[in-house]
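Asks: Based on these hints, arrange chain U on the given structure of chain A.
Each protein sequence line maps, in turn, to chains A and U. So for the first sequence, numbering that gives the first Met the number 0 puts the first residue at 0; every next one is plus one. So for the second sequence, numbering that gives the first Met the number 0 puts the first residue at 0; every next one is plus one.
If you are wondering where the hints come from, they were derived from the structure by calculation, not from laboratory data. A portion of the hints provided could be inaccurate.
In the EDC-like style, the derived pairs of lysine to aspartate or glutamate whose C-alpha atoms are separated by at most 20 Å in a straight line are [to be verified]: (1) A/K255 with U/D67; (2) U/K45 with U/D211; (3) U/K157 with A/E244; (4) U/K220 with U/D205; (5) U/K45 with A/E243; (6) U/K45 with U/E18; (7) U/K45 with A/E254; (8) U/K26 with U/E5; (9) A/K255 with U/E72; (10) U/K212 with U/D237; (11) A/K347 with U/D89; (12) U/K55 with U/D67; (13) U/K45 with A/E244; (14) U/K55 with U/D21.
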Amino acid sequence: MSRTEKNFQRQLSWNAQKTHSVRWIFMPLMILLAATLVIGVVVGPVSIPIREVFSYLLGHKAAIGESGYIQHLIISQIRLPRVLLGLLVGCALGISGGTMQGVFRNPLASPYVVGIASGASTGAALVILLNLNGVAFLPLGAFIGGSLAVGIVYQLARQRDRRTSVYTLILAGVAVGALFSAITSFLIFLSAGTDRMTDVIFWTMGGLGRANWTYLCVLAPIVAVGSLLLIAFSRDLNALAMGEEGAFHLGINPEKSKRLMLGVATLVTSSAVGFTGTIGFVGLIIPHIMRLIMGPDHRFLLPATAIAGAIFLVWADMVARTVVRPAELPVGIITAFLGAPFFLYLLKTRKVRM
Amino acid sequence: MNITIEGLHFSYGQIPVLEEIDLSIQKGEIFAIVGPNGSGKTTLLKNISGVLTPDKGALYLNMRQIADLSTWEIARQLAMVEQDREVGFDFTVREVIAIGRIPHQSRFARENKVDRERIEEAMRVCSVDSLANRLIPEISGGERQRVFLAMALAQEPKVLLLDEPTTHLDINYQAQIMEIIRAQAIDGLTVVMALHDLNLVAQYADRAAMLDKGQILEIGKPDEVLTEANIKRVFHTDVIVTKHPLINSFYVMPLTHKFCGGQE
Chain A
0 MSRTEKNFQR
10 QLSWNAQKTH
20 SVRWIFMPLM
30 ILLAATLVIG
40 VVVGPVSIPI
50 REVFSYLLGH
60 KAAIGESGYI
70 QHLIISQIRL
80 PRVLLGLLVG
90 CALGISGGTM
100 QGVFRNPLAS
110 PYVVGIASGA
120 STGAALVILL
130 NLNGVAFLPL
140 GAFIGGSLAV
150 GIVYQLARQR
160 DRRTSVYTLI
170 LAGVAVGALF
180 SAITSFLIFL
190 SAGTDRMTDV
200 IFWTMGGLGR
210 ANWTYLCVLA
220 PIVAVGSLLL
230 IAFSRDLNAL
240 AMGEEGAFHL
250 GINPEKSKRL
260 MLGVATLVTS
270 SAVGFTGTIG
280 FVGLIIPHIM
290 RLIMGPDHRF
300 LLPATAIAGA
310 IFLVWADMVA
320 RTVVRPAELP
330 VGIITAFLGA
340 PFFLYLLKTR
350 KVRM
Chain U
0 MNITIEGLHF
10 SYGQIPVLEE
20 IDLSIQKGEI
30 FAIVGPNGSG
40 KTTLLKNISG
50 VLTPDKGALY
60 LNMRQIADLS
70 TWEIARQLAM
80 VEQDREVGFD
90 FTVREVIAIG
100 RIPHQSRFAR
110 ENKVDRERIE
120 EAMRVCSVDS
130 LANRLIPEIS
140 GGERQRVFLA
150 MALAQEPKVL
160 LLDEPTTHLD
170 INYQAQIMEI
180 IRAQAIDGLT
190 VVMALHDLNL
200 VAQYADRAAM
210 LDKGQILEIG
220 KPDEVLTEAN
230 IKRVFHTDVI
240 VTKHPLINSF
250 YVMPLTHKFC
260 GGQE
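If we strip away everything but chain U, and leave its shape as in the complex, we get:
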């Protein structure tokens, strides 16, 4: 499913957060939104998901304006994993993933065969099947993030929005999450995510947009966006961007005072 954003403006009260955003994201693409804290990444995701309504401009999912879709219609096509989600009550892992089926169930329906298959597939894809009967508060942060991802996949979305899916995760979990997402994108899922970690962007994103104080500074392939000049301008940090010697990707490394030959 394609996402098109035209001339989007959004403000919280008097404070403008997003200005003149134009974007178009293709089916099956992994699209990363990068930028420093407060640059509007989460706000942009919330505008795409319909939680927030833009002041100006339009958003389309496959030519249909999001503002015209009901909450229900949106939920059947779009899933989102917010940052720091907290689950009220001690649900089991499987119960949480089953909640992801709600948009496809009628009010009184019990879990049917299709539901069960989707739930089990999502659990397998995210390798949480062995956790099925564990309680949500008991599992680790990395496991929980995979559970929320499985819940979102059980929702059978065409578009998946992720807000910092790898924050607080160990490096092995980060890679695991990104590999799951990549496999889903190959199967046609459109993924839009806000990411802090520029190296993950370099490695996994098809395209990226860099936000600077609510405006898009640059859109393009990761190597076009994550340039030393752009990063210096937006993050006010000197970095080296180098091609990785082993993998077909590049990496971003901050230059500390020490490396520049200065005193600590």
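Looking at chain A on its own, in the form it has when it is part of the complex:
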């Protein structure tokens, strides 16, 4: 290829890329988020007119006995908690996925891949089987199980030269995940015949069906504070993209900030997953898609993954509860249906740099 041709091609690819102009994306995301909130409440087995949704959201009271009263009841007790739980969990999974990909400097990392989900399942299964009551136990058990799994995978994937290799990471994630899944299956086996068994099985499939206001009150502060913390540390991820030594030369202690971010992401993910059961692939595909759209600057990427994750999960849940009406699918099945092929596609086409 001649020099001019090369220059011309360069010019072309430059024009195609433009800048990663980033801020424009937040406006459409916010609009979509608001629309998702409303549509999520409208869609369901009993159709609720959009007028009633607004009337409820704006705080109007409906008189007892009117059809509006039933509709308000459905909104307040079923639909709205479910949509809000979907938003919170999607936000948690999206931002944690973005964070983990940054910490491991690897676009294939996700809460699922690094074993949080399996670890959290085991923890939650244990809590269910031991019949520990109290709304805080589920996320707590999930958090302990999840951190254990991440801790093991993180230690295994770090090599002597302190780089995390993608192969070791995924292999370690698979192995640790399999180990924890085996423990969970063993726990299910032990509980065979009791009604707790169905609880555990349901939990491992993942779904937003059990949403209620108590869950929301526990989860909302954890997700909110965790997400803000992650966003506050997002520029550390930009520095870490230059390698651990590169980050050090930018004034950031790489080990400290990696541990902190991984810890917060684990907390946020496992407490979300503690209420809903494992929902895979949101944390993988959402950060990836957002990075393709807006570039890898984590200061903008993390907030965007939080919002996009929330939107995505509510839509996936709408699909889950409408495709086999009047029954509903666990939302984890829908996200896996969308996510697994996408993951394979990434493995096949994207150059995995590490």
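Replies: Just chain U now, with coordinates in the frame of chain A:
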């Protein structure tokens, strides 16, 4: 900014890598560290940058001991371009250079006017402004090295450490990089670099230190350090060191068997 090193020892586990290093480097100086592979050049740079902590001895930046400075304080005065840096994710050139501003920004700050000016100046100095929107994995090795140099300059360092900045680069890029560095040193930047290429040392360094198995064999002006005897002793190679007929510098040429009249 001056760098002073006193009686530095460093070992990886049981294996001693640096022994009894004494050095003092002046503001605005280009100081080269030469020596064969494994002689401890990179380790010495990492001790100066604070990534590694010496077993014994002390390092000072302008009379302040590096061990007493926080990572943050070091980053505001010292930048380093490591060898073979790899960038995770497909950042654009400009984004990478902007990351160099981190030590001067508070946690939530967005890019302000000063940041923008420094970034643009660094891009101009390293002639990467035309690459601003290209992605890091797409540009050539020589361009990438200039981008990392621009990122380091955007950091407004007083001390710049470079580990083999010219390896894998074509000869035109090598000269380009060294000219940029020289211009910065004239403006008062202290530059310490590990260099393989002895001819670049001869041409661009103000002073050099030759390392031999973790110890300093000789410190001085390039022509005092790069002597035929020293090179023979450290690199086990016969060379001719001659004054260049055209430029005010000398050059080092390895003597192969053939030139000595032997058989191939």
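Asks: Determine for every hint whether it applies to the structure shown.
Replies: Now for the hints, and whether the structure bears them out:
1. As the CA atoms of A/K255 and U/D67 are separated by approximately 18 Å, the hinted pair is consistent with the 20 Å bound.
2. This hinted pair checks out: U/K45 and U/D211 have alpha carbons roughly 17 Å apart, not beyond 20 Å.
3. Taken as a hint, the U/K157 and A/E244 pair is honoured in the structure, with Cα atoms around 19 Å apart against an allowance of 20 Å.
4. The hinted pair formed by U/K220 and U/D205 meets the criterion: a straight-line CA distance of about 6 Å does not exceed 20 Å.
5. Of the pairs offered as hints, the one joining U/K45 and A/E243 holds, with about 13 Å between alpha carbons and a cut-off of 20 Å not exceeded.
6. For the hint linking U/K45 to U/E18, the alpha-carbon distance of about 15 Å falls within 20 Å, and the restraint holds.
7. This hinted pair checks out: U/K45 and A/E254 have alpha carbons roughly 17 Å apart, not beyond 20 Å.
8. With a CA separation close to 17 Å, the supplied pair U/K26 and U/E5 stays within the 20 Å bound.
9. Taken as a hint, the A/K255 and U/E72 pair is honoured in the structure, with Cα atoms around 17 Å apart against an allowance of 20 Å.
10. For the given pair, U/K212 sits about 19 Å from U/D237 by alpha-carbon distance, which is consistent with the 20 Å threshold.
11. Distance hint between A/K347 and U/D89 is fulfilled; the C-alpha atoms sit about 18 Å from each other, no more than 20 Å.
12. With a C-alpha separation of about 15 Å, the suggested pairing of U/K55 with U/D67 holds against the 20 Å cut-off.
13. Straight-line distance between C-alpha atoms of U/K45 and A/E244 comes to about 9 Å, which keeps the hinted pair within the 20 Å bound.
14. Of the pairs offered as hints, the one joining U/K55 and U/D21 holds, with about 12 Å between alpha carbons and a cut-off of 20 Å not exceeded.
This entry satisfies every hint, going by the numbered hints stated previously.
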